[in-house]
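Protein chains: 6
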Amino acid sequence: MPGPIVVINPNSNQAVTDGLDAALEAFRLPGGPGIECLTLAEGPFGIESQLDSDSVVLPLARLVQGRPDAGAFVIACYSDPGLDACRSVTKRPVFGIQESGVLTALARADLFGIIAIAEASVARHRRFMARMGVLGRLAAEIPLNMSVDESARGEKTFERLVEVGGALKARGAGAVILGCAGMARHRPGLEAELGVPVIDPTQAAVAMAMGTLLAG
Amino acid sequence: MPGPIVVINPNSNQAVTDGLDAALEAFRLPGGPGIECLTLAEGPFGIESQLDSDSVVLPLARLVQGRPDAGAFVIACYSDPGLDACRSVTKRPVFGIQESGVLTALARADLFGIIAIAEASVARHRRFMARMGVLGRLAAEIPLNMSVDESARGEKTFERLVEVGGALKARGAGAVILGCAGMARHRPGLEAELGVPVIDPTQAAVAMAMGTLLAG
Amino acid sequence: MPGPIVVINPNSNQAVTDGLDAALEAFRLPGGPGIECLTLAEGPFGIESQLDSDSVVLPLARLVQGRPDAGAFVIACYSDPGLDACRSVTKRPVFGIQESGVLTALARADLFGIIAIAEASVARHRRFMARMGVLGRLAAEIPLNMSVDESARGEKTFERLVEVGGALKARGAGAVILGCAGMARHRPGLEAELGVPVIDPTQAAVAMAMGTLLAG
Amino acid sequence: MPGPIVVINPNSNQAVTDGLDAALEAFRLPGGPGIECLTLAEGPFGIESQLDSDSVVLPLARLVQGRPDAGAFVIACYSDPGLDACRSVTKRPVFGIQESGVLTALARADLFGIIAIAEASVARHRRFMARMGVLGRLAAEIPLNMSVDESARGEKTFERLVEVGGALKARGAGAVILGCAGMARHRPGLEAELGVPVIDPTQAAVAMAMGTLLAG
Amino acid sequence: MPGPIVVINPNSNQAVTDGLDAALEAFRLPGGPGIECLTLAEGPFGIESQLDSDSVVLPLARLVQGRPDAGAFVIACYSDPGLDACRSVTKRPVFGIQESGVLTALARADLFGIIAIAEASVARHRRFMARMGVLGRLAAEIPLNMSVDESARGEKTFERLVEVGGALKARGAGAVILGCAGMARHRPGLEAELGVPVIDPTQAAVAMAMGTLLAG
Amino acid sequence: MPGPIVVINPNSNQAVTDGLDAALEAFRLPGGPGIECLTLAEGPFGIESQLDSDSVVLPLARLVQGRPDAGAFVIACYSDPGLDACRSVTKRPVFGIQESGVLTALARADLFGIIAIAEASVARHRRFMARMGVLGRLAAEIPLNMSVDESARGEKTFERLVEVGGALKARGAGAVILGCAGMARHRPGLEAELGVPVIDPTQAAVAMAMGTLLAG
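Protein chains in written order, with the numbering used here: chain A, 1 to 216; chain B, 1 to 216; chain C, 1 to 216; chain D, 1 to 216; chain E, 1 to 216; chain F, 1 to 216.
Keep in mind that the hints were calculated from the coordinates and are not lab data. Every residue, glycine too, gets a C-beta built ideally from N, C-alpha and C. Keep in mind that the hints are not guaranteed to be accurate.
[What the hints assert, rightly or not] Facing chain D, from chain B, some residues (calculated, C-beta under 8 Å): (1) A123; (2) R126; (3) R127; (4) L135.
[To be verified] Reference excerpt, derived from the structure (chain F facing chain B, CB under 10 Å, subset only): (5) P44; (6) R126; (7) L135.
Bound-form chain A, shown alone:
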């Protein structure tokens, strides 16, 4: 068995890393690859702006270079910061959660929707999907208009998720992506409520990483 899947939370909010860890618990199977969740010490407390996103690229690449024992990497921030940089410094697979989340959604529905945290990230995500060439299958991306931290704790988060998810369905989305690393615990409830697949992008990326490692 190759080394573990190293899941990197590029912000320095340990609560987010803990949430990732919990969301991935079910993916840790005896005989399967290990899953290690790390907090990027150099990261900002939350990645909310373009500059926040750019600020973690080099630290991420260094972290990847410092883990020759890893089997695969997952960058657990929905802006996929440093994806190209990390891929350029290792031959092992590196998965971005935005990319993996979108690709996984494409396996579940003709059109997909995204629940973003903040308005500001929508344009950043759009640019990345343009580069992927998948905008033709995007129904819409609608922000919760909450901070990452708020959305991670807030009591009204679920209510707002249902509201935005419903708006995405009304625009044709047959699957919905949680556009943030920190909302996995709402996934099953939201899926039940909306009646369409709801995808946690970190789980999607880890599943792809597992597939790569199990293939041998």
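Model the placement of chains B, C, D, E and F on the given structure of chain A, informed by the hints.
Then chains B, C, D, E and F, alone, in the frame of chain A:
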């Protein structure tokens, strides 16, 4: 834990099913979803023509309807026959190996290539990728020009895979998909030889199915 | 002169076939190709689901194989079931009415709209148009929300057609396709009411078939 | 029955008009629309340059305005000069032969090819297909490198057509369009030789025009 | 230094030419290329219809041919009439203001919007942008619903520009193009009001022309 | 007049900055915006890898933040590093030379080609053009296979530029972009040799910046 991943070989060649079974052995983990490989009794011995592909659609849908215990389904033929039909008769996820293989390749490289078995399937695959909206990222698809059965046994298969894989790389492919359900055993060797990720589409689909089931 | 244009109604509702026959009466010209309208005995009473559509593929291919005297074939169901299958068993031209309707609309306006019968068919049509590569010119597809049978008889059908056609125009459609084999008798009235070209897809397919046969 | 289909040869080479007339003879059926082939008096002897093409726009629009009795118009030059102008001055349908030829090819094959007369027209055609949104389905366009007049008479034309048609097939074309108004007489022979549908664009446009008029 | 940039107003409304002249005053720099604004004598008073647009193509080409001393040309009508014609008769660069305006907007924002004068021009512009291949980045085009002349003088023009510009922003436009040659004087005020870049297309074209000439 | 155009060479090779300075000399006009060429002290000696490109993002953003007096910025490296970051920290326009070069090429030809320095940058450029949505108009990008430094000095550079430029023309390119900040001095000679427009991307970006500033 929900029911098993039911992997259906839509042709009636048991050797192909056995090959799938072997290729998925590493994906069977304690505590993880079961993986059951079935041969579609009504299928032709090989799916080589459009009519072969169309002939299995209704039997596949019936098989899916007859397995309310399953957690997810994988249609293990690279033409993805019956994908829409199966999805229309169940709320559980149904993965086609062509679709999953392509989406997984998109997580590994900007441009991907496909090694088809026979010339005749190239146009069929192209139509499906057009529908997916991903032709902009296809470097090329090149056939081995062998029958499914030949390729499954043949001694010259690996040699030919290396040759075609090299031609795909020369056209810009940064990842290569084995465009058939029956070539998984060549995957590691071919990846080593080519130096770019080589994707077995059935493994890719099973990894996506596992991700869905483990997410709960 | 080659053999007749064989227009196949893939459902077993003879009233629909009779409607086709009437709609094509004007296309039967002395010295031109014959036009024969057939009911597919094996078809369901209406093609409303994906499974209905898939269920007629093999019977359609068999029917085509059994008519070596035909000059061309038209599959007269807006889901274009069996188009690939039929094309794979004959060298004579096979026209699907969805495909022909869309292509004919593209000769009349920059953006076109579609009046579907039921909500359920919209996604199926979208997948086909994605494969065709023409979604960039689709203004919208809006369903009547009636069954095929209802729409074929109902008195309120015309009223509803005008309403949906008007909504399509408001979204930019410069031509409107009747997204069903059974609404040709409303075509002239609807065109007069809307003031933009209204296309009956079976007539569009038969015109293309005539063109092929008259070219010699 | 509405008025005739007026087919306008926008160049002043009467031999080309006569060729059109002959190519459309089979489309004149008792009880069907009349087909009238006209030479645009103001046109240049051949339309080979962008300026030639632009020079006929206003005369074409005037001709259209002067024929209130016509049922439909066909502009029989593969550059589709004046298509927008003519459509803006009449409510009756106006078909361009490039547009109609391409749309008809799309009903016959996934990928199509075009045999152009001269290198200089390839870029002009490409711009028009870009506007149509169909470049994703173009296999290739290859010029004969002959003048319109040469190609209309020349003895080596057929030989060269077979050569270019073969090259288009080798690049994936499943249907071939004669990219000129004056080559219809080679259509049946070339189709027999190549084994794929060969489309004369004027016949394609007239078939679409007939369909519109016969629909009533 | 090569010859001047010849900016051609293809309509015969001298007030529009004078407006262009004023809008370009700041672009006339000592040592830089001269900028000459001409009125096309043969042009209609305003270019509002397709036929108006087509009517100026040949006169524009003749004007270009008659100015061998020019360094570059700008066609200052937002429909870019005669762009292909003019380019075919000179080796010197010819810029259309629609094309230049759109390309300049693409350097300022992911999605752009257009303020058209009249509804009738929206479809014409859309066809040109389809040909350019940039529709994927168009947020929307919304007309002022005024005549060119009205918009050039009217007191309510600015009010209406702010209204339409706001609507474009609401649809995602990060930059706004004034879709007419005659609205440059509103540019700075509108940019200040909207808070996103506002592009006068004639200034955009002249800047591109300057770049070409200064490069030597 | 607003502040100067600040052109930033993100590598620390002063010879490259000096080359930029020389290439922009003709753009400095009395009464026009100043043009200041800076070397990014923190930059690597050459930007050849993804990591080199990522390493300058934050220093570029800081430099931009530290120049509130500037009128516009140009990032003079063909990978457009830090474009999003810089745009996020200032309201003044920021131009990337890749983006500006491509957009300027689109104003000169239907299809454009790019001469890259090294093979390694081709994929990076492709990803950026995918994001721009302009790959449909790319004829090809072909590398010189030289280092930035070599290409800046080498005597065989021009010979190789002509060779690669010719190959791009053969693939349909009607305009050619020099895909590097350091080759402007070859532009006029190469344009004369190839007979199609050759675009220096830094000059293209500065022309766009001038246009923005002169518009007021």
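Broken hints, by number: Structure breaks hint 5 only.
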